[in-house]
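Engineer: Below are the chains, spelled out letter by letter.
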Amino acid sequence: MFGYYVSLAIRSLRGTPVLSALMVAAIAVGVGASMTVLTLNYMMSQNPLAHKDNVLYAVQLDSWDPNEAYQRSNNEIPYQLTYRDAMALLRSDIPTRQAAMHRYGFTVSSDDFELRPFSAEARITTRQFFALFDVPFVYGGTWDADADRSPVQQVVLSKATNEKLFGGENSVGRSIDLNGEPFTVVGVLDHWNPSPKIYDLNNGPFNEAEEIYIPFGLHRKFEIYSWGNTNGWASGDSGEGYEGHLQSESVWIQYWVELQDEEQLENYRDFLTGYIREQKQQGRFQRPLKFALTNPSEWLVLNEVLSDDNRVLGWLSLSFLLVCVVNAVALMLAKFLRKAPEAGVRRALGASRHAVFVQHLIESGCIGVFGGLCGILLALVGLGTIRQLSFGYIDQVATMDWLMMLAAVGMAILASLLAGIYPAWRVSRTNPSLYLKTQ
Amino acid sequence: MLKMHNIRKSYRTDTIETHALRDFNLEVKEGEFVSVTGPSGSGKTTFLNIAGMLETASGGQYLLDGEDVSGLNDRDRSRLRNEKIGFIFQGFNLIPDLNLFDNIDVPLRYRGFNAKERRRRIEKVLEQVGLSARAKHLPAQLSGGQQQRVAIARALAGEPRFLLADEPTGNLDSLMARQVMELLEFINEWGTTIVMVTHDPDLARRAHRNIQIVDGQVSDLQHAVAAAEAATA
Numbered sequence: 001m002f003g004y005y006v007s008l009a010i011r012s013l014r015g016t017p018v019l020s021a022l023m024v025a026a027i028a029v030g031v032g033a034s035m036t037v038l039t040l041n042y043m044m045s046q047n048p049l050a051h052k053d054n055v056l057y058a059v060q061l062d063s064w065d066p067n068e069a070y071q072r073s074n075n076e077i078p079y080q081l082t083y084r085d086a087m088a089l090l091r092s093d094i095p096t097r098q099a100a101m102h103r104y105g106f107t108v109s110s111d112d113f114e115l116r117p118f119s120a121e122a123r124i125t126t127r128q129f130f131a132l133f134d135v136p137f138v139y140g141g142t143w144d145a146d147a148d149r150s151p152v153q154q155v156v157l158s159k160a161t162n163e164k165l166f167g168g169e170n171s172v173g174r175s176i177d178l179n180g181e182p183f184t185v186v187g188v189l190d191h192w193n194p195s196p197k198i199y200d201l202n203n204g205p206f207n208e209a210e211e212i213y214i215p216f217g218l219h220r221k222f223e224i225y226s227w228g229n230t231n232g233w234a235s236g237d238s239g240e241g242y243e244g245h246l247q248s249e250s251v252w253i254q255y256w257v258e259l260q261d262e263e264q265l266e267n268y269r270d271f272l273t274g275y276i277r278e279q280k281q282q283g284r285f286q287r288p289l290k291f292a293l294t295n296p297s298e299w300l301v302l303n304e305v306l307s308d309d310n311r312v313l314g315w316l317s318l319s320f321l322l323v324c325v326v327n328a329v330a331l332m333l334a335k336f337l338r339k340a341p342e343a344g345v346r347r348a349l350g351a352s353r354h355a356v357f358v359q360h361l362i363e364s365g366c367i368g369v370f371g372g373l374c375g376i377l378l379a380l381v382g383l384g385t386i387r388q389l390s391f392g393y394i395d396q397v398a399t400m401d402w403l404m405m406l407a408a409v410g411m412a413i414l415a416s417l418l419a420g421i422y423p424a425w426r427v428s429r430t431n432p433s434l435y436l437k438t439q
Numbered sequence: 001m002l003k004m005h006n007i008r009k010s011y012r013t014d015t016i017e018t019h020a021l022r023d024f025n026l027e028v029k030e031g032e033f034v035s036v037t038g039p040s041g042s043g044k045t046t047f048l049n050i051a052g053m054l055e056t057a058s059g060g061q062y063l064l065d066g067e068d069v070s071g072l073n074d075r076d077r078s079r080l081r082n083e084k085i086g087f088i089f090q091g092f093n094l095i096p097d098l099n100l101f102d103n104i105d106v107p108l109r110y111r112g113f114n115a116k117e118r119r120r121r122i123e124k125v126l127e128q129v130g131l132s133a134r135a136k137h138l139p140a141q142l143s144g145g146q147q148q149r150v151a152i153a154r155a156l157a158g159e160p161r162f163l164l165a166d167e168p169t170g171n172l173d174s175l176m177a178r179q180v181m182e183l184l185e186f187i188n189e190w191g192t193t194i195v196m197v198t199h200d201p202d203l204a205r206r207a208h209r210n211i212q213i214v215d216g217q218v219s220d221l222q223h224a225v226a227a228a229e230a231a232t233a
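Going down the list, the sequences are from chains A and B.
The first sequence begins at 1 in UniProt numbering and counts up by one.
The second sequence begins at 1 in UniProt numbering and counts up by one.
Certain hints may be false.
[What the hints assert, rightly or not] DEER-style ranges, computed between Cβ atoms:
1) B:L138 <-> A:L414: 31 to 37 angstroms
2) B:G112 <-> A:R14: 43 to 49 angstroms
3) B:G59 <-> A:L373: 51 to 57 angstroms
4) B:R119 <-> A:L389: 33 to 39 angstroms
5) A:L318 <-> B:G59: 34 to 40 angstroms
6) B:E123 <-> A:R338: 55 to 61 angstroms
7) B:R161 <-> A:R14: 53 to 59 angstroms
8) A:R338 <-> B:R12: 35 to 41 angstroms
9) A:R429 <-> B:R161: 56 to 62 angstroms
10) A:R429 <-> B:E17: 41 to 47 angstroms
11) A:A50 <-> B:A115: 47 to 53 angstroms
Quick caveat, the hints were computed from the structure, so don't treat them as lab data.
Beta carbons: idealized from backbone N, C-alpha and C, even for Gly.
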């Protein structure tokens with residue numbers, strides 16, 4: 001009977017095109033608006049490293065002001081480390097892998113005179129960054145081990161950068177200029193663009209992944225400052241110049257470790273405890289001993305990637321959908337009661353109340369399918385508008401994947417079924433004899 | 001076939017209770033053609049609705065084919081209605097946006113026949129009423145007489161044992177009315193029990209038996225005449 005009811009529903013919808021269009025529009029507008037917001041929330045709350053939740057940890061150390069806790073994070077520990085702490089942690093051999101990093105940028109040029117120099121987002125990091133975050137290589141690999149501590153001018157290019165500079169060829173061994181200095185290409189990444197950019201959430205969680213990657217050991221040689229957030233509490237504490245910056249209490253390094261099991265985790269905790277105690281003896285870390293190892297899922301929550309505002313907006317959009325559903329109820333009631341005489345005939349011919357109810361509920365469901373499809377179009381328009389208004393800031397999240405498209409249709413069907421329950425019930429309860437005599 | 005005993009039907013509003021049927025007793029035997037007459041508002045249509053299980057009685061007992069239907073739930077009543085009863089209405093009550101084939105298909109769908117069986121039955125009844133060539137026409141493309149023949153075909157498609165007709169010729173001219181009446185008589189000759197509500201005394205006389213409903217109660221005219229004749233003799 002399902003197929004029969006669907007054919008009746010489509011015939012019925014075609015029979016009253018204006019009313020049907022209004023019902024579809026009511027559902028489509030509600031679904032379109034809510035899916036626009038929910039898609040953003042859904043994409044923002046994705047965890048691209050969910051598969052490493054049990055082994056990957058962001059490291060936080062409370063090296064902050066003895067007189068005042070760090071207020072910007074919910075656990076009152078700075079999101080980033082000082083340079084000297086990062087360098088000290090790098091000396092530990094407990095983690096299976098670890099990486100220190102921060103955001104930077106270069107002007108890139110090459111031997112190709114036709115290619116104009118361009119500025120590129122860069123990540124200054126240690127060699128295990130790529131293995132730590134499952135970054136795929138298409139050519140070559142990460143740099144030499146000593147590049148993390150000594151100035152080795154090697155570079156890894158993103159796929160897009162390699163395309164721009166070398167037309168996508170294997171460029172390993174070739175040279176490019178970064179800020180006028182020659183660097184040798186040691187690796188080229190495959191396409192990789194985690195969203196949110198979980199390894200550095202405090203410098204634009206939805207920015208594109210960097211275009212070039214260079215070793216951590218180059219700081220002193222090129223006096224590299226972070227292009228990302230740098231927070232400090234003690235001014236002029238560590239001397240003048242760049243060395244003073246490196247030894248200061250300013251936090252600007254993100255730090256991640258991979259710990260395979262509970263034992264390794266416990267050992268690393270002991271190591272951090274010991275390190276902080278040692279620093280306390282040297283006059284640093286004057287706050288109560290505190291550090292945190294946070295896995296990717298919790299890191300997203302701690303960094304409030306999906307803010308309370310986003311959540312409120314999500315609920316508001318669902319409220320709007322509810323208003324649309326109420327409108328659809330009124331329209332469906334009008335349509336179904338207009339068809340009550342036909343329902344009376346069907347009852348006389350053997351349809352039970354339940355059969356009449358199901359028939360009309362399936363008609364509601366069909367309205368939902370059409371409403372869902374139109375809602376997807378509206379949501380795509382909405383997301384496109386958001387992309388334009390955000391000037392590329394949230395391009396990666398303002399897109400709809402197949403799952404969300406299916407969810408849109410599912411939501412529309414659910415909404416229209418909810419809207420159809422009362423009208424379908426009403427028409428199934430009408431007394432058929434009222435219409436059979438008067439039709 | 002149909003037996004009603006002390007059937008009552010009343011409609012209640014906030015202030016008034018109207019008795020449509022009271023102490024209503026009737027028995028219709030298998031194969032009978034019974035006409036039902038009576039003044040407007042006497043309860044004819046209420047009787048027909050209760051007989052067709054479109055409404056439930058307020059009290060009394062109703063046996064259809066020996067089965068007490070008074071206490072059945074909606075699903076069972078609908079199933080019985082679909083299997084045993086065919087309806088013919090004054091206003092034809094064809095579904096306007098379905099063609100003749102699909103209109104006749106409606107009761108067969110609820111019966112659960114497969115597509116092949118439905119097609120066989122539809123083609124058979126369309127042939128019986130002489131409208132095979134119009135299967136794809138919409139009701140609005142037919143005359144009133146043709147529409148009523150389609151309604152009869154729809155009622156017959158499920159091969160019911162009991163046909164309820166409510167003023168089946170009321171909207172037809174005399175020629176078409178005669179044709180429809182002849183069709184009903186033909187159907188009755190093949191064994192279908194028919195109860196027909198009519199205002200037309202000529203049509204009423206063509207039935208095997210005529211009952212009159214007055215003030216919600218049955219007055220069996222032929223039994224009354226027979227009793228009067230017996231008393232005179």
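Engineer: Evaluate each hint against the coordinates.
Structural biologist: Hint by hint, here is what the structure shows:
Between B:L138 and A:L414 the beta carbon distance is about 35 angstroms. The supplied range of 31 to 37 angstroms therefore holds. With their beta carbons about 27 angstroms apart, B:G112 and A:R14 fall outside the hinted range of 43 to 49 angstroms. For the pair B:G59 and A:L373, the beta carbons lie near 53 angstroms from each other, so the given range of 51 to 57 angstroms is met. In this structure the hint that B:R119 and A:L389 lie 33 to 39 angstroms apart at CB is violated, the actual value being about 59 angstroms.
At about 51 angstroms, the CB distance of A:L318 to B:G59 disagrees with the hint of 34 to 40 angstroms. A C-beta distance of roughly 33 angstroms is found between B:E123 and A:R338, which places it outside the suggested range of 55 to 61 angstroms. At roughly 38 angstroms, the beta carbons of B:R161 and A:R14 sit outside the given window of 53 to 59 angstroms. Between A:R338 and B:R12, the C-beta spacing of about 28 angstroms breaks the proposed range 35 to 41 angstroms.
Range check, A:R429 to B:R161: about 29 angstroms between beta-carbon atoms, so the 56 to 62 angstroms window is missed. Range check, A:R429 to B:E17: Cβ separation about 22 angstroms, and the 41 to 47 angstroms hint is violated. Look at A:A50 against B:A115: about 50 angstroms separates their beta carbons, and that is inside 47 to 53 angstroms.
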